[in-house]
Amino acid sequence: MIDFMVVVLVAAGLVFFLGGGVGILRFPDFYSRLHPAGKLDTSGSVLAMSGLALFVLFPITLESVLTSLKILLIVVIVFLTSPTATHAIVDAGVRAGLEPWQKPGGQAEP
Amino acid sequence: MKLLGFLIVLITGAVLIWATGEFPDWGDPGSPASVHVSPRYIEKTLEETSVPNAVTSVLADYRGFDTMFETTVIFAAGISCFMLLRLFGKERPETLHYRHLLTGLTIRVRRRKQSPEQLEEFEPMDSLWTPHDLILRTLCRFLIPFIQLFALYVIAHGHHSPGGGFQGGVILGASLILLAISQDMQSALKRIPERTLAMLAALGVSVYAGTGALCLVMGSNFLDYAALAGLFRVDPVEARSLGIFLVEVGVGIAVMATMILIYHNLASEGRLDEGL
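Quick note, the sequences are listed as chains A and B, same order.
Start counting the first sequence at 1; every next residue gets the next number (this note's numbering).
Start counting the second sequence at 111; every next residue gets the next number (this note's numbering).
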């Protein structure tokens, strides 16, 4: 049962990573590419890492609990740093005067 | 021409791949690298130096000279970066910019006479724009102590796990570079002034060489830490481990100071005013 949950969680994380990778390659411009980059860092890693934390948790001993807590700590650090990094990169793009992509022939922003 | 280059690349690559057939197998115990000194290091490290991590003991003890001059190379890199890039005696520009600390407004002052330098609520700005972002500043403020704590752990725990002076020093230096990026270079320089950085870089190398010279004074070979046993009042095997730790601390200090020195000089083109 635990193994099944681990597989589901890690596989779901990999789906996010795959989608993020495709998004980084396929999206048209700088700003929209940052969106999947930030997404896969956070949601992909929280799923995959919680799967791994669950995997090392059993049988429950002090050591295994500590190991899974350390794995979850990675998630905390990524949740703090990744959105901030994305924010900083977007900020740098705006300050450098990079125009967002618009659909060719689409309605211009008012 | 393109075709010729392509052919040369193909032939060279094919020869290189063909030559790999002569290599010993991966992990082959009979390969030249494994029969010479490696078994001795692997078998004797713990009983000779009481250091569980064989890599650390090989770096800092068995091949202590090598690592000492590596540290010297890093020190030389920092000093030559300073020599090449640092500009002294900058001319004051015609207009100066000041930021009002309470409102965040930027004012421009034309002449020197009116400069509000003596007022507390203004801070001088060296360039028109500086990073002034609340999210970045807060997060870096929160993270930097943890990064530094981790760096100290990497230095002190180098005997048992991957790490040591070089890695720990790089992390320590990176934390201060992060401070210089997220706030500004002036506040980073307020923490560790340039003069102190240069002193620290030299101090790190001196700690390493001094530990070696101390062994010489105690009547043994250079960098033979067993001679320090009488000084620390431990047995000679334990003294080797302590000697390695001292040396690692020296490496850490030198690497940290050199990293920051190189960053400051590169990022501000040697003026050390504002940075990127």
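No lab work stands behind these hints: they were computed from the structure.
Treat the hints with caution; some may be incorrect.
[To be verified] To give an idea of the chain A side of the interface with chain B (calculated C-beta under 8 Å), a few residues:
| hint | residue |
| --- | --- |
| 1 | T84 |
| 2 | A88 |
| 3 | V90 |
[As the list claims (entries may be wrong)] Pairwise CB distance ranges (calculated):
| hint | chain 1 | residue 1 | chain 2 | residue 2 | range |
| --- | --- | --- | --- | --- | --- |
| 4 | A | Y31 | B | F332 | 34 to 40 Å |
| 5 | A | V78 | B | M328 | 55 to 61 Å |
| 6 | B | P142 | A | Y31 | 38 to 44 Å |
[What the hints assert, rightly or not] From chain B, some residues computed to sit far from chain A (all C-beta separations above 10 Å):
| hint | residue |
| --- | --- |
| 7 | P162 |
| 8 | S190 |
| 9 | N331 |
| 10 | A336 |
| 11 | R343 |
Don't be surprised by glycine CBs; every beta carbon is placed ideally from N, CA and C.
- Task: Find the hints from earlier in the document that the structure breaks and name them by number, from lowest to highest.
- Result: Of the numbered hints, 3, 4, 5, 6 do not hold.
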